[in-house]
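Chains as they are written, first to last, in our numbering: chain A, 1 to 84; chain B, 1 to 84; chain C, 1 to 152; chain D, 1 to 152.
In case anyone wonders, no lab produced these hints; they're calculated from the structure.
One or more hints might be untrue.
[Said to hold, decoys possible] Quick list of the computed label-pair ranges, beta carbon to beta carbon:
hint, chain 1, residue 1, chain 2, residue 2, range
1, A, 17, C, 7, 50 to 60 Å
2, A, 17, C, 89, 23 to 33 Å
3, C, 8, D, 63, 36 to 46 Å
4, C, 44, D, 84, 42 to 52 Å
5, C, 7, A, 49, 27 to 37 Å
6, B, 20, C, 90, 55 to 65 Å
7, C, 84, A, 19, 18 to 28 Å
8, A, 18, D, 46, 52 to 62 Å
9, A, 17, D, 46, 56 to 66 Å
10, A, 51, D, 67, 43 to 53 Å
11, D, 90, C, 1, 21 to 31 Å
[Said to hold, decoys possible] In the DSSO-like style, the derived pairs of lysine-lysine whose C-alpha atoms are separated by at most 27 Å in a straight line are:
hint, chain 1, residue 1, chain 2, residue 2
12, C, 25, A, 52
13, C, 87, D, 25
14, D, 25, D, 87
Glycine is no exception: its CB is placed at the ideal position from the N, C-alpha and C atoms.
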Amino acid sequence: MVTVLYFARLREALGMGSEQIALPATVRDLEGLRALLVARGSVWEQELAPSKPVRAAVNLAMAHGDTQIADGDEIAFFPPVTGG
Amino acid sequence: MVTVLYFARLREALGMGSEQIALPATVRDLEGLRALLVARGSVWEQELAPSKPVRAAVNLAMAHGDTQIADGDEIAFFPPVTGG
Amino acid sequence: MTVRIQTADFDVSAEIAALRRNNPKVGAVASFIGVVRDVNEGGAVSEMTLEHYAGMTEKAIEEIIGQARSRWNVLDALVVHRVGRLKPVDQIVLVVVTGSHRGDAFAACEFIMDYLKTRAPFWKKEQTPAGTRWVETRESDDIAAERWRFKG
Amino acid sequence: MTVRIQTADFDVSAEIAALRRNNPKVGAVASFIGVVRDVNEGGAVSEMTLEHYAGMTEKAIEEIIGQARSRWNVLDALVVHRVGRLKPVDQIVLVVVTGSHRGDAFAACEFIMDYLKTRAPFWKKEQTPAGTRWVETRESDDIAAERWRFKG
Numbered sequence: 001m002v003t004v005l006y007f008a009r010l011r012e013a014l015g016m017g018s019e020q021i022a023l024p025a026t027v028r029d030l031e032g033l034r035a036l037l038v039a040r041g042s043v044w045e046q047e048l049a050p051s052k053p054v055r056a057a058v059n060l061a062m063a064h065g066d067t068q069i070a071d072g073d074e075i076a077f078f079p080p081v082t083g084g
Numbered sequence: 001m002v003t004v005l006y007f008a009r010l011r012e013a014l015g016m017g018s019e020q021i022a023l024p025a026t027v028r029d030l031e032g033l034r035a036l037l038v039a040r041g042s043v044w045e046q047e048l049a050p051s052k053p054v055r056a057a058v059n060l061a062m063a064h065g066d067t068q069i070a071d072g073d074e075i076a077f078f079p080p081v082t083g084g
Numbered sequence: 001m002t003v004r005i006q007t008a009d010f011d012v013s014a015e016i017a018a019l020r021r022n023n024p025k026v027g028a029v030a031s032f033i034g035v036v037r038d039v040n041e042g043g044a045v046s047e048m049t050l051e052h053y054a055g056m057t058e059k060a061i062e063e064i065i066g067q068a069r070s071r072w073n074v075l076d077a078l079v080v081h082r083v084g085r086l087k088p089v090d091q092i093v094l095v096v097v098t099g100s101h102r103g104d105a106f107a108a109c110e111f112i113m114d115y116l117k118t119r120a121p122f123w124k125k126e127q128t129p130a131g132t133r134w135v136e137t138r139e140s141d142d143i144a145a146e147r148w149r150f151k152g
Numbered sequence: 001m002t003v004r005i006q007t008a009d010f011d012v013s014a015e016i017a018a019l020r021r022n023n024p025k026v027g028a029v030a031s032f033i034g035v036v037r038d039v040n041e042g043g044a045v046s047e048m049t050l051e052h053y054a055g056m057t058e059k060a061i062e063e064i065i066g067q068a069r070s071r072w073n074v075l076d077a078l079v080v081h082r083v084g085r086l087k088p089v090d091q092i093v094l095v096v097v098t099g100s101h102r103g104d105a106f107a108a109c110e111f112i113m114d115y116l117k118t119r120a121p122f123w124k125k126e127q128t129p130a131g132t133r134w135v136e137t138r139e140s141d142d143i144a145a146e147r148w149r150f151k152g
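Isolated chain A, as found in the complex (with noise of 0.2 Å):
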């Protein structure tokens, strides 16, 4: 199981702040989960389709497409950062 968090404009269009998935074996990286949850199709498709901006985290720090996950990891999803 991993624990998959989403941020700001991603949380509301998806209706949650945070989900357990557990891993199919196929999935080892980020891009591997991105393409499990656009599978969902509707909102999640829309959402997290290639052509949005979108960011990732794993166990808090930034990461990218090819970043391995693996059970007990904490992956966020989340627009680019508007802060300051």
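Please build the complex by placing chains B, C and D on the supplied structure of chain A, with the hints as guidance.
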């Protein structure tokens, strides 16, 4: 007559903070005034020598050797500034 | 190095004094305060809400400060960032850098602020006459962020 | 624009508040404080005295701020510079610039400070274990000053 002011190290070395000088007709710019002061010899010659990094202002504005001067002007000589 | 995320306002004089701790090696204190404006992208803003990713925020800012310290000769640095509801004229963020000389303090302060804008997980939602809207990243802020972009 | 030369200390928070005057166009406040260190050029400093050229100082700083305003998009600017006797850890100078955006505020603040170091008629005399000495201009501060150099 012009008012001539000396600041900081220069004021201390020359032993005076200000003086009134009646400008000879031949003295028309800062360079001329400096030469007049250097002609006094001793510390004047030493402190206002061309090799010294002396700055000058005429009527509160930074000035060059060829800046014109005339009766009633306030002229200041001082070392490079070191504020802030 | 101090990093604080808080809903409460901050006092610049008190923060600077605490950071300086009367260290007589400090010759320069550069600081920056980000403030809520009443307009953004041409629209009126009456209020905004700042959301953040607790835990990652502190870590990201500590890394930003660490990078600044490795690049410039800095004595200490502080970042205070507010979250929650804010109104125009409210202070949002404070960055203070102390150093022996001003060039390093200025550069590190601006670097931290620039990187904070693109790397620290905060998101602004603005309330305008037309309703609420999430602030979009400005192109100018995002240039330095491209390398963390999640490749689609 | 505010320029003050004074013997008294200053409070950064109060100065910033007065400069901002709750103007909701202000999005960025960049500031710099110069502080007395206990060493300079490798020697211990126990006290310093700041001398200035009253009248010219204010004029020079107002010109410096005017130049900054013509180069960058600045809302307002403040310079407070102390004179008289100061000890290590004492504040010497404060520069604050407000703007809509941070880039302009940072640049104008650093510009004012750099030019103030080379153009505003202040002179520091330091008290050290070896006696008093007038501080010499640092080469790095003086590059921008060359054009006012009194040609010998």
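Verification of the hints:
{"no.": "1", "hint": "A:17 / C:7: 50 to 60 Å", "verdict": "violated, 19 Å"}
{"no.": "2", "hint": "A:17 / C:89: 23 to 33 Å", "verdict": "holds, 30 Å"}
{"no.": "3", "hint": "C:8 / D:63: 36 to 46 Å", "verdict": "holds, 41 Å"}
{"no.": "4", "hint": "C:44 / D:84: 42 to 52 Å", "verdict": "holds, 47 Å"}
{"no.": "5", "hint": "C:7 / A:49: 27 to 37 Å", "verdict": "holds, 34 Å"}
{"no.": "6", "hint": "B:20 / C:90: 55 to 65 Å", "verdict": "holds, 58 Å"}
{"no.": "7", "hint": "C:84 / A:19: 18 to 28 Å", "verdict": "holds, 25 Å"}
{"no.": "8", "hint": "A:18 / D:46: 52 to 62 Å", "verdict": "holds, 59 Å"}
{"no.": "9", "hint": "A:17 / D:46: 56 to 66 Å", "verdict": "holds, 59 Å"}
{"no.": "10", "hint": "A:51 / D:67: 43 to 53 Å", "verdict": "holds, 46 Å"}
{"no.": "11", "hint": "D:90 / C:1: 21 to 31 Å", "verdict": "holds, 25 Å"}
{"no.": "12", "hint": "C:25 / A:52", "verdict": "violated, 48 Å"}
{"no.": "13", "hint": "C:87 / D:25", "verdict": "holds, 13 Å"}
{"no.": "14", "hint": "D:25 / D:87", "verdict": "violated, 38 Å"}
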